[in-house]
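J.: Residues per chain are reported as follows:
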Amino acid sequence: MTRPSEVFSSRWGLILATLGMAVGTGNIWRFPRIVATNGGGSFLVAWVVFLLLWSVPLILVEFAFGKRARCGTVGAFARLVGEKRAWMGGWVALCTVGIMFYYSVVAGWCLRYLWAAATGELAARPSGEVWEGFAGSPAAVGTHALALGLAFAVVWFGVRGIERVAKVLIPTLALLVVVLAVRAVTLPGAEAGLDFLFSPDWAALGRVEIWLEALTQNAWDTGAGWGLILTYAVYMRAREDVPLNGFLIGFGNNSVSLLAGIMVLCTVFAINPGARAEIVGAGNEGLTFVWMPQLFARMPGGEWFMILFFLALSFAALTSLISMLELATRVLSDFGLDRRRALVAVGAAGFVFGMPSALSMPFFRNQDWVWALGLMVSGLFFALGARRFGLARLRSEVVNAEGSDLAIGRWWEVLVGVVVPVEAAVLLGWWLWQAGQVKGAWEPLSEFNVGTVALQWGIALAALLAANRWLARRTGGGAAEAAEASGAPPRVLP
Amino acid sequence: MSALAVTTMIVVCGFVWGGFAVLLARAIGREGAKRRDGRGPER
Chain A
1 MTRPSEVFSS RWGLILATLG MAVGTGNIWR FPRIVATNGG GSFLVAWVVF
51 LLLWSVPLIL VEFAFGKRAR CGTVGAFARL VGEKRAWMGG WVALCTVGIM
101 FYYSVVAGWC LRYLWAAATG ELAARPSGEV WEGFAGSPAA VGTHALALGL
151 AFAVVWFGVR GIERVAKVLI PTLALLVVVL AVRAVTLPGA EAGLDFLFSP
201 DWAALGRVEI WLEALTQNAW DTGAGWGLIL TYAVYMRARE DVPLNGFLIG
251 FGNNSVSLLA GIMVLCTVFA INPGARAEIV GAGNEGLTFV WMPQLFARMP
301 GGEWFMILFF LALSFAALTS LISMLELATR VLSDFGLDRR RALVAVGAAG
351 FVFGMPSALS MPFFRNQDWV WALGLMVSGL FFALGARRFG LARLRSEVVN
401 AEGSDLAIGR WWEVLVGVVV PVEAAVLLGW WLWQAGQVKG AWEPLSEFNV
451 GTVALQWGIA LAALLAANRW LARRTGGGAA EAAEASGAPP RVLP
Chain B
1 MSALAVTTMI VVCGFVWGGF AVLLARAIGR EGAKRRDGRG PER
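Heads up: the sequence lines are chains A and B, in that order.
Using my numbering, the letters of the first sequence map in sequence onto residues 1 to 494.
Using my numbering, the letters of the second sequence map in sequence onto residues 1 to 43.
Hints may be right or wrong, so weigh each one.
[Claimed, not checked] Here chain B is said to cover these stretches of chain A; the calculated rule only asks that three of the stretch's residues, wherever they fall, bring their Cβ under 8 angstroms from a Cβ of chain B:
1. 40-46
2. 248-260
3. 450-463
[Said to hold, decoys possible] Partial list, derived from the structure: chain A residues whose beta carbon lies under 10 angstroms from chain B:
4. Ser10
5. Ile15
6. Asn245
7. Asp405
8. Gly409
Don't read these hints as lab results, they were simulated from the structure.
We put the beta carbon where it would ideally sit given N, CA and C, even for glycine.
Based on the provided sequences and hints, a complete structural model is requested.
T.: What follows is the structure in structure tokens.
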């Protein structure tokens, strides 16, 4: 396997790139919707709790795995957890690559709407008409290719390319979200949005769904358990901090979500409070691509804020897409493929396998259901993998190693070893139970049910288990880890 | 806005944004100290 030859030039490069990975469209289009439909302030309390009980512990595991193994998800599991468990790293990669295939379609939608906002098309035509004519059309294939091409161009230049782009896009994204949130709270009537967002309904905290939705939001929008943080951690400097950086990513990501919630809900309540139930119930795409342009159109100076909104959304989508491309490229490089050839293969596969999602909304929704749910299994695998490696060992040898700016206590071992696996099992059970209630629950070709999950996960798991020995051999397996444990000189990055 | 909503806003925003600000300040401070001591992370 080829060793990574680059590292992030500074701590800030690593933090900004990782924040770029974590902050995606889910922060801007899903979080406000989920808060609004799950009790406002009560949901926020549960959401903060799971930031600490799910996201941060798993972010630390990912940082530790990447820094220790210095290879992508497959190699990291093979080296740290054992040769027989390379397939678990393969699962993590597969889920995230499955998401990458349709995420570039989402990034393409954002770019299309940025263009439509900048050229005045969204002001001239009803946004619903623009969306109906675009989603699922051949034009969506073009924007999918454009988004993938932009991300490809950044990853082509390696870690330095990712770092340079993150240093520009992430501060700009943060500034855009702050500007939009400030504009939203200064609109007449915006106070009602803040009141709705932050008013707690204490009775709602007794409802299990609120807690499960809060956990789901943390699982999907912080990037914990996706394998993406592990991938960037491969390029950490040798004595780089793990714990403080991990906390920063979790809190930074949720800070942006909170700003996005304020921005969207204040805008909705100030401009069209009568339609708020319809707006937040319109789904991610309906809220973002149909309702938000209409709300901006009715706001003083709204055409400019609409451009800023879609610019922020495009930046968020592209920086996340970049990390997904890098994950797949890293995994293929670990198999011995030349990095740029690996990237070409990933780009080509991304274009081909993303096309069905670009052309068919039911297919897009199916993939979003199947692989986003798979992330909960990925989170579980990280927790189980860390347990098998030895939580105390991982904490002392990597998390709290020299260069760390915070000392992590035994509480982290309890969270990763006990709490996270229980959370993952409950979450999986809950989602699958819901999908089991629909008509034709085991029909394998349905958009949303248990059958489609069983079919696609079954194929993926069978293939990974069959290829496990090959995966472990190609990525170095446990031999390197055993050599290190026996006192052999550690690998030093060039 | 109700007093309860204002209290929740202060607690939630204070914890999330305040937490981020404190962590960022600590990272900046630690990075500066490492640079002054000449023991920055090796490449």
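J.: Take the hints in turn and mark each one as holding or not.
T.: Hints and how they fare:
no.: 1; hint: 40-46; result: holds (count 3)
no.: 2; hint: 248-260; result: holds (count 6)
no.: 3; hint: 450-463; result: violated (count 0)
no.: 4; hint: Ser10; result: holds (8 angstroms)
no.: 5; hint: Ile15; result: holds (8 angstroms)
no.: 6; hint: Asn245; result: holds (7 angstroms)
no.: 7; hint: Asp405; result: holds (4 angstroms)
no.: 8; hint: Gly409; result: violated (17 angstroms)
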